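A.B. asks: In case you want the letters, here they are:
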Amino acid sequence: MKAKTAETREARRDRFRKLMLGSTEKRGVLMSIVVYVLLITIAFIYMYPILYMLSRSFMEKSDLLDASAKWIPSTVTLKNYSDAIATMDYWNSLAKNLYLAAVPTLCQVFICSMVGYGLARYNFPLKKFWMGVLILSFLLPTQTTALPNYLLFSRLKLVDGSIRPFLLTAILGQGFKSVLCILIFFNFHRQIPQSLVEAAEIDGAGHLKAYFGIAIPLSAAAIVVVTLFSFVWYWNETYLVRMYLGYGTTRSTGLTTLMLELQRFEDSYNSTFDARASSVTSTNKLNDAIRMAGTMLSIAPLMIMYFFLQKRFVESVDRAGITGE
Amino acid sequence: MAKKTTYRPKLTKRRLKEWGWGYLFILPWVVGVSIFFLYAMVQSLQFSFYNLLLSGGIQLQPLANPFDNFASVFVKEINFPVTLANFAIGLVLQLPIIIAFSLIIALLLNSKIRARSFFRMIFFLPVIIATGPVMSQLTAQGVASVPMVSQNTLLTVLSGLPEFIYEPINNLFSQLILILWNSGIQILIFLAGLQKVPSTLYEAAKIDGASGWESFWKITLPTVRPMILLNSIYTIVTLATGGTNEIIELIYSVTYAATKGYSYGAAMSWIYTLIVGVILLIAFLLLREKEPKHQDEAVYRRDVEAAKTLAKLQAKNARHRRQRQRREGRAAK
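Chains A and B, in that order, give the protein sequences.
Once you know that position 258 of the first sequence is 258 in my numbering, the rest is easy, because the numbers rise by one and skip nothing.
Just so we're on the same page, my numbering is the position in the second sequence counted from 1, plus 1000.
Hints in this document: simulated from the structure, not taken from any laboratory.
This one's a predicted model, so the numbers in the text were calculated from it and none came from an experiment.
Glycine included, C-beta positions come from ideal geometry on N, C-alpha and C.
Be aware that a few hints might be false.
Here are the computed distance ranges between Cβ atoms for each label pair [as the list claims (entries may be wrong)]:
1. A/M131 x B/N1110: 39 to 47 Å
2. A/R155 x B/E1289: 42 to 50 Å
3. B/E1289 x A/V37: 32 to 40 Å
4. A/S162 x B/I1097: 38 to 46 Å
5. B/N1079 x A/V37: 43 to 51 Å
6. B/V1031 x A/A220: 23 to 31 Å
7. B/P1198 x A/D267: 54 to 62 Å
Below, simulated DSS-like cross-link-like pairs (lysine-lysine); rule was C-alpha separation at most 27 Å, straight line [as the list claims (entries may be wrong)]:
8. A/K127 x B/K1316
9. A/K209 x B/K1196
10. A/K96 x A/K157
11. A/K209 x B/K1017
12. B/K1206 x B/K1316
13. B/K1112 x B/K1218
14. B/K1196 x B/K1218
15. B/K1196 x A/K311
16. A/K18 x B/K1112
17. A/K18 x B/K1206
18. A/K128 x B/K1218
19. B/K1218 x B/K1206
20. A/K18 x B/K1017
21. A/K61 x A/K79
Rough simulated footprint, nothing fancy, chain B against chain A, three-plus residues with beta-carbon under 8 Å [stated by the list, open to error]:
22. 8–16
23. 47–54
24. 145–155
25. 295–301
26. 307–313
Kindly produce the complete structure, drawing on both the sequences and the hints.
C.D. replies: Structure representation (structure tokens):
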């Protein structure tokens, strides 16, 4: 009797150990706990700045100084947002930014698709040379070419706060990070069986018809990725945008982007609320909560887009072959 | 890709037509890259050897010594060598962190977990929002460092180090989260690579008695090796041209400052370009796979490697078996 219970106890212990530590077929509970704890911790650390920004942006000034209200505001206020909206001239800037990001993106997608297709589909002399130039223009910092290009644009009288420099570069395949777009299309079209396109050509379709009728519809996945990424890149770029818009342009005279507005947030705030003139103790002084509200507002459109389309973003990256093997 | 053939096919009408269509498709880009990249590079090099004046069009004034601009970058601009050194040290510190971090995250995401798409969404989010102005706002708030790490303790430990090492490490820890934010694309690239490893390979290894650790070193790592190179190049390029880079800000401010001038900025950006090129070359040489000359050689090498591993495993199994027998023998006695 005694021996039997001992045996079952041993068996039970064995089963428990197997459950915890896992066997060759199944991962143990302990290992699972380690994996999830690790993932959740890292995810929290990763999101920490955003969560902080979000909670700060709703705080009143008294909460900012109060150490006990580190995360949860004692009263939720929207005044920071209304101040930030006034500072950045938000709705106006947003409309300008959407225009400035969307139109060049469309040009960029179309041109890069064409170039990627041309490089993948056809053989021609000097092809290796052009591929080398393509890679090189991605690897080297744009700062070297920025100055001559700026001079060129200003000689052509394009730098007047309009969209024209953006359109010109996009149409000539030199938009922001267009090399990556071209490479994505190149990889994609290389994977499409040539026989499909050739069959169409035998059927009498010309080169253009093969491209528009077959290659473009087949590359829909790549088009989606490139469009989304181009849009994000156009939205986020500041260095070249500052250059293309002309350094002196102000919001009232020309186009602007929310990132530029965020960059000059402090100056705009001071001029909007006349805070510099008033004393240090003034209630109008720029505080962290307003800054965080401004930062939130400038990334909000992209965040909203991301939450709706994140599957598209993440899944299609490996389908479109950004990995470039 | 073009195959290397010794014979030259005749210039048929069809071939000429193909060439024409090929160039027609890439024409916009060829024009663009020639003007905005190739010509601009040459022009910027030319500027850096002259004194550029912008009174009524571009005027190039010859210098007493053509290398004056380059020399004065190092002599006059004391910030430049320092910033450059900080950038290089920062890069050496950040690159392994980003690569290791993204590989770990990719491995975690690739294992059997629930809510995978949720975690993937979180780890990819910074790709969308991590930009210069946003990052500098967040750094100014002091939220860029990991909240749990007590920075003061760490800094007192490190304060014995010389300044030029201490400074980059301090920077590293005060911006750790934002550095990790640079790994979104890298995680996806690793993930795509990991998903291509056939699961049968792991099963076979397991049957042969390999532990998880061993299969990581022998199967996983060799498969993602090309991706490590790709990710390193990508990371270097993004860090070198990214919005928070101090050298770029310096070049920008120097170029458009009234006292220093365009040619000076051009010289500076050329020095920077060369240095980034050298860094990329070093990374490439260090991380590339030594490509075997022939396909046969690769197969042969792989077989030898596999045979060695197998022999090691068999030896280990035999040892374990002997130990077990000995133990059982002792128990029987």
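A.B. asks: Against this structure, judge whether each hint is valid.
C.D. replies: Evaluation of the provided hints:
no.	hint	result
1	A/M131 x B/N1110: 39 to 47 Å	violated (32 Å)
2	A/R155 x B/E1289: 42 to 50 Å	holds (47 Å)
3	B/E1289 x A/V37: 32 to 40 Å	holds (35 Å)
4	A/S162 x B/I1097: 38 to 46 Å	holds (42 Å)
5	B/N1079 x A/V37: 43 to 51 Å	holds (44 Å)
6	B/V1031 x A/A220: 23 to 31 Å	holds (28 Å)
7	B/P1198 x A/D267: 54 to 62 Å	holds (58 Å)
8	A/K127 x B/K1316	violated (53 Å)
9	A/K209 x B/K1196	violated (35 Å)
10	A/K96 x A/K157	holds (21 Å)
11	A/K209 x B/K1017	holds (15 Å)
12	B/K1206 x B/K1316	holds (13 Å)
13	B/K1112 x B/K1218	holds (21 Å)
14	B/K1196 x B/K1218	holds (15 Å)
15	B/K1196 x A/K311	holds (20 Å)
16	A/K18 x B/K1112	holds (18 Å)
17	A/K18 x B/K1206	holds (17 Å)
18	A/K128 x B/K1218	violated (35 Å)
19	B/K1218 x B/K1206	holds (12 Å)
20	A/K18 x B/K1017	violated (69 Å)
21	A/K61 x A/K79	holds (10 Å)
22	8–16	violated (count 0)
23	47–54	holds (count 6)
24	145–155	holds (count 8)
25	295–301	holds (count 3)
26	307–313	holds (count 3)
Checked against the numbered hints given earlier, the structure breaks hints 1, 8, 9, 18, 20 and 22 and satisfies all the rest.
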